[in-house]
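*Asks:* Sequence:
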Amino acid sequence: MKHHATDAHTLAAAYALGALDPGERAHFDAHLQACEACRQEAAEFEATAARLAAAVAQPPAASAKAQVMATIDGVRQLPPRVPTSASALSLGDILRRRAAPFALAASLAAASLGGVAVWQAQSEQDLKAQARQVQQQLDTISAVLAAPDARTAHGRAANGAMTTVVSSDRQNKAVFSAANLPAPGAGKTYQL
Numbered sequence: 178m179k180h181h182a183t184d185a186h187t188l189a190a191a192y193a194l195g196a197l198d199p200g201e202r203a204h205f206d207a208h209l210q211a212c213e214a215c216r217q218e219a220a221e222f223e224a225t226a227a228r229l230a231a232a233v234a235q236p237p238a239a240s241a242k243a244q245v246m247a248t249i250d251g252v253r254q255l256p257p258r259v260p261t262s263a264s265a266l267s268l269g270d271i272l273r274r275r276a277a278p279f280a281l282a283a284s285l286a287a288a289s290l291g292g293v294a295v296w297q298a299q300s301e302q303d304l305k306a307q308a309r310q311v312q313q314q315l316d317t318i319s320a321v322l323a324a325p326d327a328r329t330a331h332g333r334a335a336n337g338a339m340t341t342v343v344s345s346d347r348q349n350k351a352v353f354s355a356a357n358l359p360a361p362g363a364g365k366t367y368q369l
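The opening position of the sequence shown corresponds to residue 178 in this note's numbering, with each subsequent residue numbered one higher.
A hint or two may mislead.
Unchecked claim - Cβ-Cβ distance ranges computed for the label pairs, FRET-style:
#	residue 1	residue 2	range
1	G195	M246	52 to 60 Å
2	L290	M246	46 to 54 Å
3	V259	A287	25 to 33 Å
4	Y367	A287	20 to 28 Å
5	D198	G337	55 to 63 Å
6	A282	R309	34 to 42 Å
7	S284	R309	32 to 40 Å
8	P325	S354	19 to 27 Å
Rather than coming from a laboratory, the hints here were simulated on the basis of the structure.
Because the structure is a prediction, the values reported are computed rather than measured.
Every residue, glycine too, gets a C-beta built ideally from N, C-alpha and C.
Given only the sequences and the hints, what does the whole structure look like? Please build it.
*Replies:* Spelled out as structure tokens, the structure:
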């Protein structure tokens, strides 16, 4: 296989998906040693592939089937067009008929890729928002635990759960932690 210097830059996505043949993989591995941009791009593609693999399919809304069926009832299906004779088909007609399924497949593939791109962008935004929220919670907990006036109290509940409370008057906050706490039961929650 013949490779050019610019070819290697186009292989990052295929490399991340494990879609290169052994020769291409060896060529790209060698290229990665010298190209920071490709190392970063391959790592980003690998992370994206991992997120896509971990994605959970969302079931359609219960009303979706009813909406589709109602829409179908309102659409009139036309009969297929039949030429008057076999000789009436021109070469252009034949080519258009043969190309139509490929054009449809290409359109569907493009729409699918667009949908995946939108979903991935939304998922990334959701993950970033969750990460910010978790970081804020960790910052709050760290501030209470590191406060100079932090006080710690330990306890054991009747059900065997171990509890710890760290509080700070200056922070006007407390952190509660429990271990071996049994599930509260269906329809119930714990309250502090």
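*Asks:* Against each hint, give a clear statement of whether it holds in the structure.
*Replies:* Hints, verified against the model:
Taking 52 to 60 Å as the suggested C-beta distance range, the pair G195 and M246 does not conform, at roughly 41 Å. Roughly 28 Å separates the CB atoms of L290 and M246, a value that falls outside the hinted 46 to 54 Å. Between V259 and A287, the C-beta spacing of about 31 Å keeps the proposed range 25 to 33 Å intact. For the hinted restraint 20 to 28 Å between Y367 and A287, the CB-CB distance of approximately 50 Å leaves it violated.
At roughly 59 Å, the beta-carbon separation of D198 and G337 lies within the given 55 to 63 Å, and the hint holds. For the pair A282 and R309, the beta carbons lie near 41 Å from each other, so the given range of 34 to 42 Å is met. Checked against the given bound of 32 to 40 Å, the beta carbons of S284 and R309, roughly 38 Å apart, stay inside it. The beta-carbon spacing between P325 and S354, approximately 20 Å, falls within the hinted interval of 19 to 27 Å.
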